[in-house]
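Colleague: Next come the chains, spelled out residue by residue.
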Amino acid sequence: AQTVTQSQPEMSVQEAETVTLSCTYDTSESNYYLFWYKQPPSRQMILVIRQEAYKQQNATENRFSVNFQKAAKSFSLKISDSQLGDTAMYFCAFMKHGSSNTGKLIFGQGTTLQVKP
Amino acid sequence: GAVVSQHPSRVICKSGTSVKIECRSLDFQATTMFWYRQFPKQSLMLMATSNEGSKATYEQGVEKDKFLINHASLTLSTLTVTSAHPEDSSFYICSASGRTKNIQYFGAGTRLSVL
Numbered sequence: 001a002q003t004v005t006q007s008q009p010e011m012s013v014q015e016a017e018t019v020t021l022s023c024t025y026d027t028s029e030s031n032y033y034l035f036w037y038k039q040p041p042s043r044q045m046i047l048v049i050r051q052e053a054y055k056q057q058n059a060t061e062n063r064f065s066v067n068f069q070k071a072a073k074s075f076s077l078k079i080s081d082s083q084l085g086d087t088a089m090y091f092c093a094f095m096k097h098g099s100s101n102t103g104k105l106i107f108g109q110g111t112t113l114q115v116k117p
Numbered sequence: 001g002a003v004v005s006q007h008p009s010r011v012i013c014k015s016g017t018s019v020k021i022e023c024r025s026l027d028f029q030a031t032t033m034f035w036y037r038q039f040p041k042q043s044l045m046l047m048a049t050s051n052e053g054s055k056a057t058y059e060q061g062v063e064k065d066k067f068l069i070n071h072a073s074l075t076l077s078t079l080t081v082t083s084a085h086p087e088d089s090s091f092y093i094c095s096a097s098g099r100t101k102n103i104q105y106f107g108a109g110t111r112l113s114v115l
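Protein sequences, first through last, are from chains A and B. According to the numbering used here, the first sequence is numbered sequentially starting from 1. According to the numbering used here, the second sequence is numbered sequentially starting from 1.
Rather than coming from a laboratory, the hints here were simulated on the basis of the structure. Small disclaimer: the values here were computed from a predicted structure and weren't measured. Be aware that a few hints might be false.
As a list, the in silico DMTMM-like pairs of lysine to aspartate or glutamate whose alpha-carbon atoms are at most 25 Å apart [claimed, not checked]:
1. B/K41 <-> A/E29
2. A/K104 <-> B/D88
3. B/K64 <-> B/E52
4. B/K20 <-> B/E52
5. A/K96 <-> B/E59
6. A/K116 <-> A/D86
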């Protein structure tokens with residue numbers, strides 16, 4: 001069975017600074033997807049970034065980038081130039097790829113990020 | 001991006017009553033819909049997966065008769081919490097995907113409070 005672990009329940013960062021959120025996972029699959037979702041106080045889940053495991057290049061989306069280390073099963077999220085609107089709970093998630101993919105997302109426990117002015 | 005509408009956003013009901021939550025995909029055909037439950041400051045736990053026109057697949061520990069899921073069309077899935085009790089109070093979230101299952105769109109969630 002797959003598991004996703006986020007070891008940082010809470011983090012804080014000063015506005016305009018950079019912060020990195022950690023995520024590790026466990027799987028025997030060779031190909032899969034990894035995601036970071038943001039859940040602001042409104043509780044609407046928003047996709048931040050997606051990585052396909054067979055792609056070696058780290059995904060980036062504007063101020064958001066990941067450090068994907070497949071051998072170490074690590075998938076950290078870096079937020080650059082943090083903004084007040086980045087304050088939210090962040091979830092790391094795993095999904096199988098290929099014919100066995102049912103679309104099931106397995107979420108980590110979440111990290112609450114507070115961006116301070 | 002695609003829009004998923006979830007209704008109602010908030011419901012308060014008496015113990016013993018049933019509550020229906022709707023999840024609609026507004027601009028795409030949702031072949032698969034997912035229902036999650038989230039407790040305060042905790043992660044999302046998948047309750048069930050529903051494919052249009054077939055019975056839902058429930059996760060281990062989720063009572064099928066308690067949480068009735070219907071996915072009768074490619075744009076609508078419903079979750080009915082039957083004979084709700086205070087312990088069913090929670091935040092329920094739906095998501096939907098089309099043919100590309102690795103892209104899911106989430107509804108805004110429903111906060112259920114059972115008195």
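Colleague: Now, for every hint given, state plainly whether the structure supports it.
Modeller: We went through each hint and held it up to the structure:
With a CA separation close to 29 Å, the supplied pair B/K41 and A/E29 exceeds the 25 Å bound. Restraint check for A/K104 and B/D88: satisfied, since their Cα atoms lie roughly 23 Å apart, inside the 25 Å limit. For the proposed pair B/K64 and B/E52, the alpha carbon gap of about 17 Å is at most 25 Å, so the pair holds. Simply put, B/K20 and B/E52 have alpha-carbon atoms about 18 Å apart, close enough for the 25 Å limit, and the pair holds.
Between A/K96 and B/E59 the CA atoms are separated by roughly 16 Å; this keeps the pair inside 25 Å, and the hint holds. The suggested pairing of A/K116 with A/D86 holds, with an alpha-carbon distance near 10 Å, which does not exceed 25 Å.
Going down the numbered hints, you'll see the structure goes against just number 1.
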